[in-house]
Structures are given as structure tokens and as C-alpha cells.
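Next come the chains, spelled out residue by residue.
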Amino acid sequence: MNLKTLATTLVVSALSISAASADILDTIKERGKLIVGTKADYKPYGFLDTSGAIIGIEPDLARDVAEKLGVEIEFVPVVSSNRMQFLEQGKIDLMIATMTDKPDRREIVLIPDPNYYSSGTNILALKSLGLKEWEDLRGKPVCGIQGAFYNKATSQNYGAEIVAFKGTAEAYSALKGGNCAAFVYDDSAIVAKAAEPEWAEYEMPLQTIDDAPWGLAVALGEDNFAQLMSDMIIDWHKTGRILELETKWGVTNTPFAQAMHDKYK
Amino acid sequence: MTYKTDLPVMLPMKRREAEPFLSLKMWYILPIALLAILGPNLVVAQSTPESQSPIAVLLNWAPLLLKGFIFNLVISVSAMALGTFVGAILGLGQISLFAPTRHSSWFVTQFFRNAPWLVLLFFAMFLLPFEINLFGFKIPFPDWFKAILGLSLPVMANVSEIVRGAVRSLPSGQWEAAESLAYTRLQTLWLIILPQCVKRMLPPWMNLYSILTMATVLASIVGVNEVMTLTGQALASEGGRPDLLAPFYGFVLLLFFIYCYPIAKFTVWLETKYAVIS
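Respectively, the protein sequence lines represent chains A and B.
The numbering used here numbers the first residue of the first sequence as 1 and each following residue consecutively.
The numbering used here numbers the first residue of the second sequence as 1 and each following residue consecutively.
Bound conformation, chain A alone (with noise of 0.2 Å):
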């Protein structure tokens, strides 16, 4: 009876584990649901409602998904340092999180061609503190979001003293508050502050360093989701869905959508 029991043991694990290396596209279908992961506090590409759910414009690109392969959608909240862990772990099918395409990434997670988007590194600053190159920030504070890349670059390449923050809201106040002279942030981001009337005594000074694009990713192996993913985005471009998005979410159209929109149309 126990090796039975153990008999039946094992073709049962031997089954889920052919289950599970199946064709993720297969197994979405079966489940009936997409299952995205997403920025949640990174406003416009991934924030939250009142209710609780996650909107923006890269959970509007995680829809135009779902609703190819006719699937319900689900959104899990990440946060840059869990977001291949999630992917590789296969609690999400397809992850859409603002990451920057490196070369490292793309050994632990499947990023298909072309990219979907692409943000440089500025800083917003007092006007009467006339920044005028990357240079005039050695020695000076700085104020980043914990975990980005380019405070290193800024720390690194042009001396700046980063005091990274939890959220762009403690950085916000700690730059009002006079904490540090310069916060390091996405130009795109940066540029809407800017033109808020609060923020009317600051400025984006500097050139835009670190002009990357940024790459949604699928597990390692998944070649067909990628394939299908690479003719979405592609799709995006020809459509100027992204430059739609944009502008419904309060984005200045960027350089790098207009151009692949134009390369693509």
C-alpha cells in the first residue's frame, strides 16, 4: 500500500512538473488570466486609485495584452528589486515595471525587441542655485529614490552626496526643505514637476544623462510570449498607442516614442 501510495506520489509531481514547463502562453489561456507585474508607486507609469487598483500607463499597455490573448488581467504590485525575482519565480507571466534594458538583465530575464520606452536621468533644482553642468553637484547632498540606478552613476561620475529616499514624496519634501541642493530623479517625471505651480522657484538645469531604453520582460525560455510580445510592441509604435498613452496620463510626448513611432508607421 505505501508503494503505491509513493508510485502514485511520483506521477503525480512527474505531472505538475511537465505542467509546469509548458508553453506559458498555454497555460495563461487555461487559467484564463494575465498576470502582470507592475510599478505601483511610480506615478504616471504605475500608481494607485483611491480603490486600490493599479492604473497608469503601463498597466493600460498590460491590458492591450490581456485583451489580444482574451484573458483577464491581474496586476502585482513590484518594486525594482523584486521584479525578476518574480518573473524567474513565475508569480508573474509578464512583468512591465519601468526597468531599464541592461545587458545583465537580459541573462536572467527574456526582454523582447524592440524597446517600449526609454528615460534619461536629470535633476530638478532651485533656480538661484544656477546648476549649469552634471560637474557643479561634487560635494553637494542629493536627493534619490532608494535603489535607483543612477545614483551611482551621480555619486560616482560627478561626486554628488546621494541621500537616497523611500519614496519620490520624502525626496519631494527633503528638496522644499532645503536637505539637499538637487533631486536626481527621470526626466520625464521631472519635466511635470517642474511646470507645476508649486515648483515654480525650481528647475530641470542640466542635460539629460543616461538616455535608456527600457525593456518588459518574460520568463527565461519563453520564446513565443516573447514573439508575441515583440509584435505587440511593435504594434504600440505603429499605432502611436504609446504617444496616446502619454498624453492621456499628462506626459510630454517623449523624444524616443515620437521617433519609433515614425520609424514604425
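Rather than coming from a laboratory, the hints here were simulated on the basis of the structure.
None of the hints are false.
No more than 20 Å apart at the CA atoms, straight line, and that leaves these computed lysine to aspartate or glutamate pairs for DMTMM-like:
| # | chain 1 | residue 1 | chain 2 | residue 2 |
| --- | --- | --- | --- | --- |
| 1 | B | 138 | A | 26 |
| 2 | B | 138 | A | 23 |
| 3 | B | 138 | A | 30 |
| 4 | A | 91 | B | 143 |
| 5 | B | 67 | A | 49 |
With chain A fixed as given, assemble chain B onto it according to the hints.
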């Protein structure tokens, strides 16, 4: 009964109580939190008429934050239940007559009691898989469950010490009397010692629960969707307005205070009720 006398030796010894600084009382934190929530309104109301006042924004988010807070309470209650169950066994292991049990229980207790809570939480988070394949059934292992496991470890160790301490605090006469009446060790523990321990353990146990509840916000660092995580996300969704920081965190402070203060009061009441000298 009191005697009228001028002899100092006959007067009851005056016990000195800790006096709060400037006779501040604990509940003063309530108006302080309210001030934190309401204060920025008054300032911002004048400066930017077009954006919503902080209190209006907070009211929008309050239901979601409350849901997150309830999640904190679920985590705290579950971790406490699990930690108490395992900790009680471990505590009894510490007074076992069998040396290996006694020593290993002591080691486990000391190890987890002297480790930082956050480090234990990180271990639980990143060492456990997100789902386990048990006999072909996929049992999901969500983040909140891992947080419960991670937080129950220090609770377990502390409960173990509370149990051991309570048993040790009973006069040895209780043991001797039981033995002279031919009770077995198990009977002595179960029928004589432990019933007397319960009331001694209750106040420190409730203190521990309070501390655990306040420690559940640590789970935000490892990405569990509890009240602190949601607060951060809500602040980001409002575009990182600095004037919202104090009201939002003040609100979270208030939630925890309203929940934990009655527990603290009740614990003090229990302590005086069960105190040896009254």
C-alpha cells in the same frame, strides 16, 4: 487597616512610581497626531486653492489605508497565535528534565530572541519559495504568509522565555507539595504549576503582542501590501506632494495608537490585579 502613629517604621513604605516628563500623559499623542493630520491643511489652504486640501486627499485614501491596517492586524494576530503555540512548547522544553531537549530549547530560544526582527523577516522572505510542490499539489506561499512566519519566530522565542520565567517564578514549595501528594511531573505541571502561571504570563504576553503589532509595519520593507506600503504608494500616486507626508503618516500613527493604547491600559490593569504586593 491603618494605624495612627508617628513612628516612621510603622508607616507603609512609599513606592516611587516613574513620573512622566513634564507630567505628559500617553494619550496626549492623540492631539499630536491630529495636529499632524490637520496642521498642514491650514497652511496649504491658503497657498494652492486649485489642489485638494490634504484632509480631503486623506479622506479619499482612508478606506484603502484602513483595509491595509486590518491586514496588519491579521498578520499580528496570526503571528502571535503561531508564535505562542510553538513558544509554549519551546518554553516547556526549556524546563525539561531531559538534557538534550532542555539545551536545544535553550539554544533555539536564545538564538531567535537575540536576533533583530527585521533580519528574521528577511530570512523568511527570501529563503522560502513562493509556492511549494507538495505531492504534486502546488501550495502557494504568499508574501503575507511568509511575513507571518518571519514575525512569529521572535514571538516564539519571547513566549518561550515568558513561559520559562513564569514557571521558575513559582515558589518551589508548590513542586514539593505536589510531589509529596504523589502527583507525577506531568500532572504537577498541568494541574498545579501552569494554571498559576497563566495570570503571571498574561501581562508580558500582551506587551509582546503590542510590540508585535507595531512591528508589523516592518513587512512593508519586504513588499507586503500592508498599511505602510499602501501609504507610500498613495503618496506617490498623489504625485509626491510634500504637504501630504505629515497627514498620511500621522493617520497611520493614529490607527496604531487607537489599537495599541487600550491593550497597554488593560495590561497595566492586569498587572496591578495580579501583583503580589498591592
